[in-house]
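From first to last, the protein sequence lines stand for chains A and B.
Residue numbering for the first sequence follows our numbering, starting at 25 and increasing by one per position.
Residue numbering for the second sequence follows our numbering, starting at 419 and increasing by one per position.
Calculated directly from the structure, the hints in this document are not laboratory data.
Worth double-checking, as some hints may not be accurate.
[As the list claims (entries may be wrong)] With a straight-line cut-off of 25 Å between C-alpha atoms, the simulated BS3-like cross-links for lysine-lysine are:
(1) B/Lys482 <-> A/Lys206
(2) A/Lys428 <-> A/Lys380
(3) A/Lys132 <-> A/Lys29
(4) B/Lys471 <-> A/Lys347
(5) A/Lys428 <-> B/Lys468
(6) A/Lys391 <-> B/Lys471
(7) A/Lys132 <-> A/Lys31
[Claimed, not checked] Just so you have them, the derived chain A footprint on chain B, three or more residues with Cβ under 8 Å:
(8) 419-433
(9) 445-457
(10) 461-467
(11) 472-479
Just so you know, even glycine gets a beta-carbon here, dropped at the ideal spot from N, CA and C.
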Amino acid sequence: MLVSKRKRYLSGPDWVINTLDHMMKATTSAGNMSQVVLQFDSPQDENEIRTRLARFVGAFPVLEGSVSRDIKLAPYWKIPATTNKTLLFTVHRLDDGDGSAFLSLLEKSVNTPFPGRKEHLAFHLLNGTGRSFLAMAFDHAVFDARGAEMFLNLFQESMNSGGPVSGDIAFVSSSGLTEWSKKFLAGRNVNRRIIALSRSTPEVLAPPAAGGRSYRYHLLRFSEEETAYIYDRAYDEAGYLMESPYLLAAIIETVHDLFKDRTGSGSSYLIPVTMDLRPGLDQLQEIFFNYVSYLFYQVPVGDAGDRKALIALLKQQMYDQVKSGFPRDLAEASLLTRIAPLPLLGRLLQLPLKGKMATFAFSHLGKSAYRHCDFSGRRVANLFHMPRVPMPPGIGFFSNYYDKKLNLVIAYLEGLVDDQVVQQLDKGIRSRFGVVQPT
Amino acid sequence: MTIQEIERTLIQGIGAITNQDEAAIGPETPFPDLGIDSLGFVEILVFIEKTFKLPLIASDLTRKDFETIRSLAAFISRRV
């Protein structure tokens, strides 16, 4: 194990994330980015929040790192000794009279590429008179979604404690160049699973003819009462703590309606679902980089219209994959991919399933890792995520739970679906949650 | 296996799955306080199947069975 403040070896999932970044930069306007958005029911003091964030972010040199390779070619994150850059912070005026203006501005911020290869974080403040939004746009090379929430949580904790923050972290990592048989066995298991998945052709949306480069978003927000109702239904229909398969089942049913109208040629729906693999060893270290793996759900088109059967199928697939250790095998096996240069690995990722890698992406973050009800002295009214989704599939559904409220974001490559289809998805999902009226 | 032994085994397994110190988990710890999501819950069910040979994913588990580790141990004790 290497303990270093200047060097942190990249894991297999980190390398895949960097590959997706390379692919997305080549095909869309920016890389594999996301943003976590805090909504406030009052305006923010621009100068105050900019100063506080600059001081906090400036304590973390890891955020100005870049990918390098050591003498044995193992990729690592090269961390500078000090931070030199000015905080990327933009302010936009929000027209309180236009209810949807904030979403257009947030779309703009998450589609804005970082200015350099050592820039991985930017803040965008949307300030109105009655409300405001703070978006933290981040490169997935430095945070996964939960890590981003943990980072904001740490900011607020430092605000509450009033003490200085030391972000000069000694990272513990391994080059992963040992235990080859373990990696190859994991690779064999993953390969078998991919072969099994490839026996069925997944439904996919056709890439936009005009070659979309920006991502668009649709936000479904649910009130406390609606959320409680949805969770009660999840308990009744899917069982204790089974809200994730319940939410996914409702989305699959809705997407199924969309494909029925389009008379697609696939025989199943294939959905990769993110799974958090944090080892829980050091909370500060685990804020940074990626600790994700995936479960793959495959639903025959013929089973997608029967809610009860669908939920049972998703639960069983989740159980079987966890029991077989597939997510950990995938993370272990992906260590083997690190030898491949990013452009090559990008092409290799397209080979299985003939490029039809998924119908859509799904992630349910569950209870937020942001534990506070205020941020920099302002009450947080809501928190949600806006990720850019690699193409294919170019569309994803991302839910989270903050302050007793459920949010569901539909993210899609511009031109992949039109506004009418998005409204259809909104209506279908609300209806299947039993919450028909938009809030 | 006594209920106390089942409780101890559950605490060890749940501690490992949720990355929590076993000493911080007691038989009366409410399940919701363990911060478990759907996937963590499934990992616990897999642990129960492997340890007690009791498949539960398709069973009729209720909130009451998962109120505390003690109530889960009682549920398992009735089934094994």
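Structure-based check of each hint:
no. : hint                  : in the structure
1   : B/Lys482 <-> A/Lys206 : 41 Å, violated
2   : A/Lys428 <-> A/Lys380 : 36 Å, violated
3   : A/Lys132 <-> A/Lys29  : 34 Å, violated
4   : B/Lys471 <-> A/Lys347 : 13 Å, holds
5   : A/Lys428 <-> B/Lys468 : 34 Å, violated
6   : A/Lys391 <-> B/Lys471 : 31 Å, violated
7   : A/Lys132 <-> A/Lys31  : 33 Å, violated
8   : 419-433               : violated (count 0)
9   : 445-457               : holds (count 5)
10  : 461-467               : holds (count 4)
11  : 472-479               : holds (count 3)
Of the numbered hints stated above, those contradicted by the structure are hints 1, 2, 3, 5, 6, 7 and 8, listed in ascending order.
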